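S.K.: Next come the chains, spelled out residue by residue.
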Amino acid sequence: MERGFPKPRTKEAADPGVGGQGLRRRRLSERKLALLFVTPALGLLALTLLWPLVLAVDLSLRDVRFIGKPGEFVGLANYTDVLGEARFWQSGLRSLIWVAGNAVVQTALALAAALVLHQSFPGVRIARVWVLLTWIVPTVVVVIIWRWLLSNSGGMINPLLVQAGLLEAPVGFFSSRESAMTTLVLINSWRWFPFVTLMILAALTRIPGDLDEAARMDGAGAWQRFRRITWPLLQPTLSVLLVVGTLLSFNVFDIIWLTTAGGPSGGTQTLPVLIYETAFKGYELSRAAAISVLTGLALMGFAIAASRSMTREEGA
Amino acid sequence: MTYKTTSSLTLSILLLGSGSALAQTELMLWHMEQPPHRVERVQELLDAFNAAHPDIVVTQEPQNWGEIYAKAPAALAAGNGPDLLFAIPDFAPILKEIGAVQDVGAFVGALDAKHDLLDSAVASYSYDNGVWAVPLYNMAMSLWYHKGAFEAAGLAVPKTWSEWQAATEKLTADGKYGIGLPASKGLYTDQVVYNFMVNNGASELYNADGTFAFDNPKTAESYAMAAALQKFSPPDSAGWFWGDAEACFASGTCASILQFTTITTYETQGGGDAAKLGVAPIPHADGESQHNTIAYANAVMLLSDDPAKRAAFETFISWLLEPANYGRFLNMEPGLFLPVTADGAKADSFWNDPLVQKYKPQIETMIANSANGMLFGFTNGRTFPSIAPISGQNVLSEVLQAVVIDGVDPAAAVAAGQVRMQDIAQ
Amino acid sequence: MKQSLPLRLLLAVTILFFLLLIGLPFWWVISGSFKLPQEIIAREPTLVPQSFTLQHYAKLLDASAYPTYLVNSLIVGLASSVLTVLLAVPAAYAFFRMELPFREGMYRAILLAYAFPGVIVLIPIYGLFAQLGLVDNLLALIIVNTTFALPFSIWMMRSFLATIPRDLEEAARMDGAPTPVILRRILVPLILPGVAAVGVFAFISSWTEYLFASVLILSDDKRTVPVGFAGIIGQYQIDWGLLLAGASLAILPVVIIFSLVGRAFVSGLTDGAVK
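So the protein lines, in turn, are chains A, B and C. Read in order, the letters of the first sequence are residues 47 to 362 in this note's numbering. Read in order, the letters of the second sequence are residues 219 to 644 in this note's numbering. Read in order, the letters of the third sequence are residues 4 to 278 in this note's numbering.
To be clear, the hints were calculated from the coordinates, so they are not data collected in a lab. From a predicted model like this one, the values you see are computed outputs, not experimental measurements. There could be a bad hint or two in this list.
[To be verified] Computed cross-link-like contacts, PhoX-like style, restricted to lysine-lysine with a CA-CA straight-line distance of at most 20 Å:
#1 LYS365/B with LYS576/B
#2 LYS494/B with LYS394/B
#3 LYS327/A with LYS314/B
#4 LYS314/B with LYS115/A
#5 LYS314/B with LYS332/B
#6 LYS578/B with LYS365/B
All chains should be modelled from the sequences, with the hints used to inform the complete structure.
M.R.: This is the structure in structure tokens:
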């Protein structure tokens, strides 16, 4: 049963004792040890993540415009303001499009790349390493690279597409809402798909080869083998990746901000962009905190619901 | 790297000197002139100043424009902020609200008596019964054009909007564009849009009582004109920042652009034939008579209420504005930063830079244009706190994007823009 | 393994697609960094450089503190990587095998760390670090980067532990070995590829981090590569040659590191599962 990612061990499996006299004492010290093991990690997370989040919640209940100015307690006023604002809902919708677009493009690219890298061909070991090349480039550098490549002054992409007959004349990739969003999704996917590729590749290597071989003996074609064996066995991995990937790509901020700043005409203004802009450009820290808390709660809800349904599926 | 070594040199001198009884005042200067050659020039000046003033040590930490709006208030609140900040007018209201910025009215008065400061530059910082910074270096937009392109088309440089429209249309042919105008979401687009407004008598965002004056037919006309010319810009111009416009101009793809300067880029990437680089005042609406422009008077703000630091600040800035030093300071980016003092505009230290000499006629035009400079939200003493978030969230360019990208009628877009400003202000 | 011809053709086309998708942009950037400025912004871009110059690199290295940025990034990256491993291994083991109150709940809660936009903790973290005197200190970046890498690292580590046959541990335990010894002597050597994978993951996350590094660091000599790179972009002018040289140099160190540990990272993630 233990394939792909670990599932919670059952209580007895976790039980270290083997019975007898020392059981209670052993359990006690084991428990202490376990606490000792998790405390540094959890302590760090509490200090640098949980505590700032508590401060953010506190901030969202006050009237602070920018840091350095104390604010009065205003209760849920910021929340009602934000919920009544069209910009918030529009940004939320765009965030959904952003996440969905990234999920589709990245999964498709990564699945294709992983299936290829799972084959054997000359240089496959090198390819498995260097497929990660785009992932190790700092985001700021990614942004500059693509701004240049897509520009009309010296950019390579436009002439390439024109020569290939895909475009009649050079276009502006960030000149309409739809194409700006599409382009950004592609850039972000270019940056992130290698990592997903590796995760899928890891799961592929965990699929026992004999299953595939048996199906081949039965005369199943490549597509059928993929449909019947590979795809179902990849499901657990893909679901986990989908949840973590959704959280991670939802909160992508720098690529969008540095490329379009949320434009054109709000076309790429996702929630993290709105939060940054509200906090540091609109000087409404408390309101930004309220948007963040709402966003965080929604994402938590999604993550919990998704992991529940996954456990249920696995249990079935 | 050079300035690193010099600064550690200063440090070691400082350490050696610390044994003496000299009481030193330290000033931390932040600025956003981050390109390496500017940092280097500032360091040269600081080294010279520090050497001449053993009781004062000025050190610099260049910052990035991108984060400064988040960083400066946070740093000041936490007590590790700078004493001096070079910034633009937009920044003053924020720092004023957290009580960090000091009134330097008396000092500015004294400097004005000595050097004759540019009135429009001082005006950007004069409101609420105070002067909130000392203007140091000016930037004003002009119409930059390729003389060759205009000559080939048999065109004179446009002076009015109707001439401008006709010229731009004629210049757009064969994969070249008559003008490169941005329609992105950002400060560059804000600035370009405002150029249209000030040349059509729509310079005021606010009325004297703090209500908004943005929504009026003149503003709408200005947007209509900007959008009409924007059609003759490259397809990627809806995503442009400053550098993209310069690249388009330097490569010859754009026959003209609105920019503070193009000199350095033209020199290094565009061939560098000074005789073929044209610069002119920005055309005005047909009914107007004067060429106006957007201008940013960069200034230094004093962020410490310590009297010793104030005294050191005054010594430092007085030294910097001395004509012998001032030109070297402005030429940290030759051909971009313009003098704000009358004696600075004549100083040898300014004009003897090789690049400034080479492009002397262009720079003289730039200085002339800068005299009629204005900045949205900082005109006629009508400055109100809401200008910071309005400028920060680029409302002016949001309105242009509504017209250009979404095809909204200019009058309706301007009306919606005013509603947005009111929302932000309340 | 034999493959049919159409399948092999499909494979070849896909390989070519990915080769171009990943390779072309890098080729353009690196070749562009050696072109003269006029050629970089030319209206008709060139695939093969027509000019050659080192002026952009000379300018970059002469005028900016790029080598300092590189050293800072390496320090922060390596320290974050070590710290992440030191914290993640014991925590993952505890979550995996040990008795702990609310074990599953806590384990799941850790991944929820990614549910909050990083932007929002920026200001509170700045305030916190200011109180601790850590603003403008590389240690602040090490702590922040470790924090962000930790949840995913614990999760990865736990899945590596799951691949170790339980009998090995049981045997040692029967011999009376205490848990820390079992972990250090038996498990860690077995999951070494996994440890490498986690370390590389933390290093790369730290290497590419921009937002916190830009706000928490005030002085130039403590900047990391992404922030230093952003600094040379400039507000009013863009020197594309300088930027392309900067981009190439920002990629080069990780490419070197990756050519050394990349294989361990990949096989750590893939072979680790093959038991």
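S.K.: With reference to the structure, classify each hint as holding or not holding.
M.R.: Do the hints match the structure? See the list:
1. LYS365/B with LYS576/B: With a Cα-Cα distance of about 17 Å, the restraint between LYS365/B and LYS576/B holds, given a limit of 20 Å.
2. LYS494/B with LYS394/B: Within the cut-off at roughly 17 Å; holds.
3. LYS327/A with LYS314/B: Status holds; Cα separation ~16 Å.
4. LYS314/B with LYS115/A: holds, 11 Å
5. LYS314/B with LYS332/B: violated, 27 Å
6. LYS578/B with LYS365/B: holds, 16 Å
Violation of the numbered hints given earlier is confined to hint 5; every other hint is satisfied by the structure.
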